[in-house]
Amino acid sequence: MDEKPTPQRAAGRTATAVLVFTLCCLASSARLFMHATTPASDDVAQRSDQRFAAVKAALPATGVLGYLGESGNTGTADYYLAQYALAPLIVEHSLNHPFVIGNFPTAKPASFPPNLQLITDFGNGLLLLRNRSRDKDAK
Amino acid sequence: MVLVLPAVLCLATGYLIVALASPVLCRHFADWLLRLSLSVGFGVGGFSLVCFLSRVCGFDHLFLADLIVLAMVTVAWLCLRRRIAAADVQKTPDRDKLSPPWFHRVITASFVTVLLAALYATIRRAIAHPHGDGWDAFAIWNLHARFLFRGGSHWRDGFSALLPWSHPDYPPLLPAGIAHFWTYLGHENQLVPAALGVVFAFSTVALLISALLSLRGSTAAMLGGLTLLSTPFFVEQSAAQYADVPLSFYFLAAIALLAIYDWSSAEARNLGWLVLAGLAAGFAACTKNEGVLFALSIIFARLLAVLRRDRGWRSLLVLAISLAPALLLMIWFKHSIAPPSELFADQSALHKLAIPARYWITLKWYGKDFLRFGEWAYIPGTLLLAGLHFAAGTIAKREQKPEGGFLILALLLTLAGYFVIYLITPYDLYWHLRFSLNRLFLQLWPSAIFLFFLADPIHVTNAESVC
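Chains A and B, in that order, are what the protein sequence lines are. Just so it is clear: in the first sequence, position 131 is 131 by this note's numbering, and no numbers are missing. Just so it is clear: in the second sequence, position 121 is 121 by this note's numbering, and no numbers are missing.
Source of the hints: derived by calculation from the structure; they are not laboratory data. Computed from a predicted structure; not experimentally measured. Beta carbons are placed, not taken as given, at the ideal position from N, Cα and C, and that holds for glycine. Watch out, some of these pointers could steer you wrong.
What the hints assert, rightly or not - Stretch by stretch, here's where chain A covers chain B in the computed footprint (C-beta under 8 Å, at least three residues): (1) 109 to 123; (2) 138 to 149; (3) 222 to 235; (4) 305 to 315; (5) 346 to 360.
Excised from the complex, chain B in its bound form (with noise of 0.2 Å):
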């Protein structure tokens, strides 16, 4: 029951931070769940950096802290909520209502079928691991947040350059959370880490059924769902207790404001969207170093995209000023708490650039992991979904934007950033890649999976309709 009260000024607090910014879209549950889901990745990363920002500035009054946040978000909620409500609303094609109604009736009971077994292996997982499956899960996520939660005035000791093991370079947002829930609690329980991954897994699910069901209408929903919900790996890591699942939560939340902005008329575009993606982008950069590679090829993609057609100037920079605050404290974290990430410290990593077998190998375990990634039964998921392409897609009437392009441009960009760190890293190479690679993809896959069916909507025919 004392988990009640954080929980519940956590969601408040993102709810309030979504409400402000973004206008409502014209499906009702889709509108709903899309607040939803992003309420709960933004109020936890809220509520991570209240807390660091507490320990930073030595005060220990969390509840007082989270208080005044809430306050000032409800402040400005009230004083801008009239502006908010006159945003226009998004219209979106809907075809789905003139599918066969056994064809709907197929898919919807599969994703039901995936939803419950995906949620019964989870939880299966996070009983039998209560302190995660895997070493990252006590040796970096939750050793931190013992540090910030145990430390007192000592807390900067778990970012100490003595366990460079333990990673204290990686940013804070997922241990500060932690700690944030143990204060409440007075202690530390197991189930907060547990129930975080859970619920970061459960809430990129409904994230991407709620933008697809806006954008694409509702067959799109179900099936990026249930390819998201059927990735073993996916499931398996929502309980290992391990940052990446939160990490793709935040991509996929900046991916997705990002269509929703450019998807929307030019008369019903609102910035709100934009602030939301900056910000879910920002969280991303203070969740794993991977993050601020993402954050950084999203502005990258989007300035490509700006130069391109000579307009969106003003977009990119609400892009830029909503995300430049995360990346400030990063700056800050890493020059004034972290010691040097052991990455960059090898004298040698230039020379490894030009070491061509280096290439080599990184580019065999890229092609290997496309094809292995996410543990599937019989056939891998990305060759599930290039066969539904060529399958169907070629008959689906392609609604392509040309913004979309500036999305998967930021995707590739990261995949490329992850490319050049393999290259340089001090560690075995082949090492590496075997722990590593499969994760970086799974931060990447619930995008991936949004795009697809972005660009590829499946229909059962070609009729026209409106919402």
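Chain A with its partners taken away, still in its complex shape (with noise of 0.2 Å):
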């Protein structure tokens, strides 16, 4: 047989459930809280600002680069890294531009694609290489 509660059971069961339900997000809070990261080295400055400094120095302001990097899922944030410290400069992953930012933090190449020269090492595994396929295109 089904008996409504009084208003006090209900009551007492309503500031059980809440009761209850603090506590979880307490404990959500407290975990939280324990693991806020510690702060460390700004690893995407280090890897984008700092890095690419003399390259966006010898650069022109605007215009659109090639990039040739490493590949992999570091490659992929290390080309993504190169855009944002370039831009405004428009950083395109192909070979198919007149000047080609080369990325190779961890090892140069050995050799290059045939049409690639190498115009200026910055050191630290930065290159600009010059697409001579593509000269009529830088004058």
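Using the hints, put the two chains back together into the complex; each one sits in its own frame.
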């Protein structure tokens, strides 16, 4: 037989439910507090603005550049960070441009595609290359 | 110190826009908090659009543009303030005064504890990740901000089809807001995007609390704030410098303002709330593509409600008109500046709609993420709310208004829209779901919490009382 709860019992049940809910919220919040990230070195700035400072100074402010870099997930991040540093230049992940940025943070390749000629080695795996097959576009 | 001037201008503009359209609510603290939180979002939204339109027009004097906008809003406010002040105030039920004092003390202490913990965790994360926590911060939002700030007359290069991975079709509200502050500084400072993220997050919390306080009393407000602040993913994302938390603010603003309008008695209803709701939905559309979907969902859900009741056409019209400028701006942006979205460029999109396996995979992920969303400790927040509903909601006296259904419908339509996007996505479906669904849920989470406590006000007493 269904029994309708009295207002006191109903209020007690609601209060209990709210307190359990609050405890769970506090537990979640405690974990957030304990796992608060420790300040570390600024990886993004190191891999973008600081790393590309010399390259940026040597290039025009706007225009489009090609890009040649390492493969894999880290290579993709390196490319995005190159674009982030060199904006408002457009850095397209392609060799179809008169000038191409080479970005090799771990190891410089032994050779490049034959149409690419090294113009400047900025050190630290950063290169400026010229695409000889697009020379007429450069002019 | 240089940041103080743009911050004051931004907040003043936002405050005047809010004051221009809204009457005063009966609870003083709730009214003050509601205005403050809305002012932040509306101020940043207005600031961003001023910057973006200045770039479009080639107008370089942003300070002058800000002053003109501020002067226009001030004049409008001075002219209309008598009409605004004459608007009737809202009556809200308040049963919390009849709750036992210990109950209030426990809830309040818990709320203050999680607020401090969230503040601490957010600031630590913002310091630890000055360029944002995750690729989207530097690959999309801050990159676009750099193009807008550094690019001069070449700012459109940031929305070039040569950079498809940076989502050049994404709306420019957040990047333009960052670029606006940088212009005042005269240089880039990572404090700006980091501070904007934190400010949006805590404005969302303040908006949630103040709206619930106005409509449902302090217990619902505290519990709503407690739920949002205890969601680790929300706190983490607030320092990530992504656009999902700002978007969640605008979603909540639109939903809460519509609720305030609908919950007001017939004689106290002020169309100004609808104007602000429309503006908030418009700002959402200018923040992320999902905002366009949300804005259309709001209009469609409202239209269904109006058709069902055969009244409310004027309110629908006001909502649509106040939303229209932002939507038109986004249509122009998509047509004239941004390249076509990769989501709709795929020729096989329609064919994908006919593959049942994609429905099943997406549905499974929706179910999984519903349970694990938010990265809660021990018990997911969604389950906690469901538990609270069944344990306490059956006892709490329901004060549902029929209009509430359309707000829930608007969120469900938005969720359904996300579902369709997954069905036709050109990316690997698993990859896309894995890296975005939890953020899409996050966008709707503050609004869902608001609607939960709006529909299910938790009281430990059934006694009647009025404001």
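Verification of the hints:
1. A stretch counts as covered by a chain when three or more of its residues have a beta carbon under 8 Å from one of that chain; for the segment 109 to 123 of chain B and chain A the count is 7, and the coverage holds.
2. Residue count for the segment 138 to 149 of chain B with a Cβ under 8 Å from a Cβ of chain A: 6. That meets the three needed, and the coverage hint holds.
3. Judged by the Cβ-Cβ criterion of 8 Å, the segment 222 to 235 of chain B is covered by chain A as claimed, because 8 of its residues qualify and three suffice.
4. Check on the segment 305 to 315 of chain B: 0 of its residues sit with their Cβ under 8 Å from a Cβ of chain A, so the three-residue criterion for coverage is violated.
5. Counting residues of the segment 346 to 360 of chain B whose beta-carbon sits less than 8 Å from any beta-carbon of chain A gives 0, not enough to reach three: the coverage restraint is violated.
In summary, the structure is inconsistent with hints 4 and 5 from the numbered list given earlier, while agreeing with the others.
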